Amino acid sequence: MAYQQNRPIKLTLSELSEFTDSELRGDPDCKISGIAAIDQAGAGDLSFIHDGRYQSFLSTTQASAIILPTKLADSYSGNQLVNDDPYLAYARAVAALFPPHEVLAFIHPTAVIGEDVAIGQDVYVAAHTVIGNGCELEDRVRLGPGSILGDECVVGEASILKGNVSLGDRSRVGKRCLIHSGAVLGADGFGFAPQKNGKWYKITQIGNVVIGNDVEIGANTCIDRAAIGSTRVGDGVKLDNLIQIGHNAQIGEDTIIAANAAIAGSTKIGRRCRVGGAVAIAGHLEIADDVVITGFSMVTHSLRPAGVYSSGITADDNRSWRKNAARFRKLDDLFRRVMNIEKIIKS
Amino acid sequence: MAYQQNRPIKLTLSELSEFTDSELRGDPDCKISGIAAIDQAGAGDLSFIHDGRYQSFLSTTQASAIILPTKLADSYSGNQLVNDDPYLAYARAVAALFPPHEVLAFIHPTAVIGEDVAIGQDVYVAAHTVIGNGCELEDRVRLGPGSILGDECVVGEASILKGNVSLGDRSRVGKRCLIHSGAVLGADGFGFAPQKNGKWYKITQIGNVVIGNDVEIGANTCIDRAAIGSTRVGDGVKLDNLIQIGHNAQIGEDTIIAANAAIAGSTKIGRRCRVGGAVAIAGHLEIADDVVITGFSMVTHSLRPAGVYSSGITADDNRSWRKNAARFRKLDDLFRRVMNIEKIIKS
Amino acid sequence: MAYQQNRPIKLTLSELSEFTDSELRGDPDCKISGIAAIDQAGAGDLSFIHDGRYQSFLSTTQASAIILPTKLADSYSGNQLVNDDPYLAYARAVAALFPPHEVLAFIHPTAVIGEDVAIGQDVYVAAHTVIGNGCELEDRVRLGPGSILGDECVVGEASILKGNVSLGDRSRVGKRCLIHSGAVLGADGFGFAPQKNGKWYKITQIGNVVIGNDVEIGANTCIDRAAIGSTRVGDGVKLDNLIQIGHNAQIGEDTIIAANAAIAGSTKIGRRCRVGGAVAIAGHLEIADDVVITGFSMVTHSLRPAGVYSSGITADDNRSWRKNAARFRKLDDLFRRVMNIEKIIKS
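Chains as they are written, first to last, in my numbering: chain E, 3 to 349; chain C, 3 to 349; chain V, 3 to 349.
In short, the hints are calculated from the structure, not lab data. Since this is a predicted model, take the numbers as computed values, not measurements. Hints are supplied without guarantee of correctness; some may be wrong.
Same chains, same label: a pair holds when it works inside one copy or across any pair of copies.
Distance condition first, Cα-Cα at most 30 angstroms in a straight line; then the derived DSBU-like pairs of lysine-lysine [stated by the list, open to error]:
1) K345 x K270
2) K325 x K345
3) K332 x K345
4) K325 x K270
5) K204 x K332
6) K204 x K345
7) K177 x K12
8) K270 x K332
9) K73 x K204
10) K270 x K177
11) K204 x K270
12) K332 x K348
13) K177 x K201
14) K204 x K33
15) K201 x K73
16) K12 x K73
17) K204 x K177
18) K204 x K12
19) K348 x K177
20) K198 x K73
21) K33 x K73
22) K198 x K12
23) K33 x K12
24) K325 x K201
With the rest of the complex left out, here is chain E (with noise of 0.2 angstroms):
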């Protein structure tokens, strides 16, 4: 189920100098009808400098134009886009360049939709899609082929859930989300009393997964529903594929997320966080405000202030490591025994 083009629609320099906010320098009538590197660029399309790196191919290519940040847009002078922010600049011409499609107002007939299901304006339903009992459908949703919500899921404004995506009971999503195929939202959390027996006794979720407005969500991620309350991910949020967000949690504002990271149950995090992949984070937590963690960091306690946090080691030749890493195992000892030679030569 497409939700964008799959072919740039055509533009004038003019025009994308209006979506990027850029100030054009050259022939406000070029045609753009692409976007590529700026060492693969042809006739027709698009291309950007976002750091010094690619400057150098400034000479030789063949882009139609370029969005170039102010102090390397007099050493250019083709056709091109002079923005600060070059990085943003592209990123709106790649949107205007690959508009949504236009949302039809379509259900197929191999979708099976409970009772009492609400269903707005142009809402698009696939093929083989479940809809439970008493959900809600607002306008211009998109459900793709193979998504299943349970009842009485309520699924914002314009949002799009991609392939196989899977909303457990009560799932809310809000306004223009993404959901990328195969996330699950809504699968029960991960909660056992232990008893006396040494078996395990369920503790039934009876909560929900509460999500914000703009959040994407990568594919075969999972957030799982609270055990009381709502596990909630906060409007603006981004996460990456093959995330997993315990029972509970809390996503601030538009924090971002990598690939494989684990947050625990009941964690708690800040907003404009940044957290890098396969990072692990502890439950009940709080990561204030504004914290950056970098990539496959653990994180067993609670983070404040605002700032970068780091673990981890990087990978070295495997002789120096397996030496490196046999001597971590007597580091205590090795303080201790650079203590004693200090007492001696103090005395």
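For chain E, the structure is supplied; the task is to place chains C and V on it using the hints.
Positioned in the frame of chain E, the structure of chains C and V alone reads:
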């Protein structure tokens, strides 16, 4: 496909004291119609205090009744259920208030069912399921929408597959299991023989997956079929989301594994183990019964005897981390220097 | 949707010696109708000894024939296939005993097929699949139930998609590939431009995913489409389950990656690399050909030349670990103290 009530049934405090095996203090006829955290509970809600942290809310809570341990019971004058395992009592209370839906025999007309499929009593098969030849669904099984069973699968009595679950050929699921959306059981194990030309030759995986009784399997978790024989998950095992269980692994009874953990092939984990989130365990190892592995640990050798095992260094501020991590790569060198100093001092 | 026989066909030892390119010793007409581990094999089974560990079972095994390396062949008097690469010979024998099902041209009536879809000969399309406009399925392709292809996808000759696989628009899969259930190819890459207001602006991802020939992709693995251009997985690559491949990454031919690994965007991995489970590789790096990265390593810089690279510290008993891990955070300080001692001693 709901499997429990979305809204609680009403119970009296007297009924709940029986369900939870607790001592009732207060009004036995008090009607309970919900459950909530102590600081958020209102009239009709049951709440609980699991540990001392929330004790201060006892004076202000609006809950109609509270589950309390004996040592706190006297400090509260309202309705209460006294139980020295308040967490387990809470678990039992939620289960009583949100009982499973009655299972009705139903096969959705869009379900595609192969030949020679045996279907027990009161089996529910949701829309867009696909069931291979020779499968057996025991009494009260529920298959959620979009679930796919290969040939000759067995799903035991009262087990539930949520949406978009995939079972490979000859997978066997025990009784009373709960498998969450997107889980994949019985995909091929990862086995390839190296060839002289640098290409890999696939080892055809002819084994299967065998899941015991009372097992819960999280969303998007993968359990591969064995190369030969069976990958086995024992009775009472609880697996969180996004876990990898490699081919021929064996997970002992009542072991619990948190999200994003990876258990490589042929590793045997004992009974009643607790494996933290994002733990990685190499292949062909043995983990003894009653081993606890804390989150984000790397396990490359067998772990015996029972006990708690850990690795990983928790995140530090980036500046300190950079310095320490750089030093790590000279750790062996440091040990040698200290040894040298010790020699000098002794001499 | 089975793709290989669930039960072995019968072959003579003579036939198997041809399939496995082994020297036959014993009865050429011995009928083989199964394959099993040496300590579990019975009459009719073929078994194998891969290394010395299982040699002791030679005197007691009930197997009808055994694959053995030359050095062990003389110590066994029963039927045998002598091959100095017994693991590869075993792989060939299993493949011969469990051949793929004959592919029959079949399109299930519940399949939903878009416009201008080209379907080759002997293509099998299972129930509840959804195929977008302009797709091309080459000869002998098999699409498992619930699989979803976006627009303009190409699936090459004899490739198999198992159940609930999702391909984004314009994904291209080569010949003889095997993609396991729940895999998602061609979801959007994770690209957002920061804005001054703290919000993220989505970089529309206009690229695609291109998979070579003879590639295997594990269950619930995600390979994102490129921002511009293609994310590429080379011929003969083998990917395990729950792997993340970021946008614009390039995976070289015959590289093998174990479960739960995460390869961030724009990283280029060479040919014939072996990447262990749960490895995390940062973005924009280059990994040389023939690099081996051991499991759970963190890779934050390019790795050259070929060789084995590692990081991570294996789990220790919790008490020792606590002491050593605490010391780690004072490691830089320790180096300074030792330097100071060295100065004092020298002076």
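Which numbered hints are broken by the structure, listed smallest first?
1, 5, 6, 19, 24
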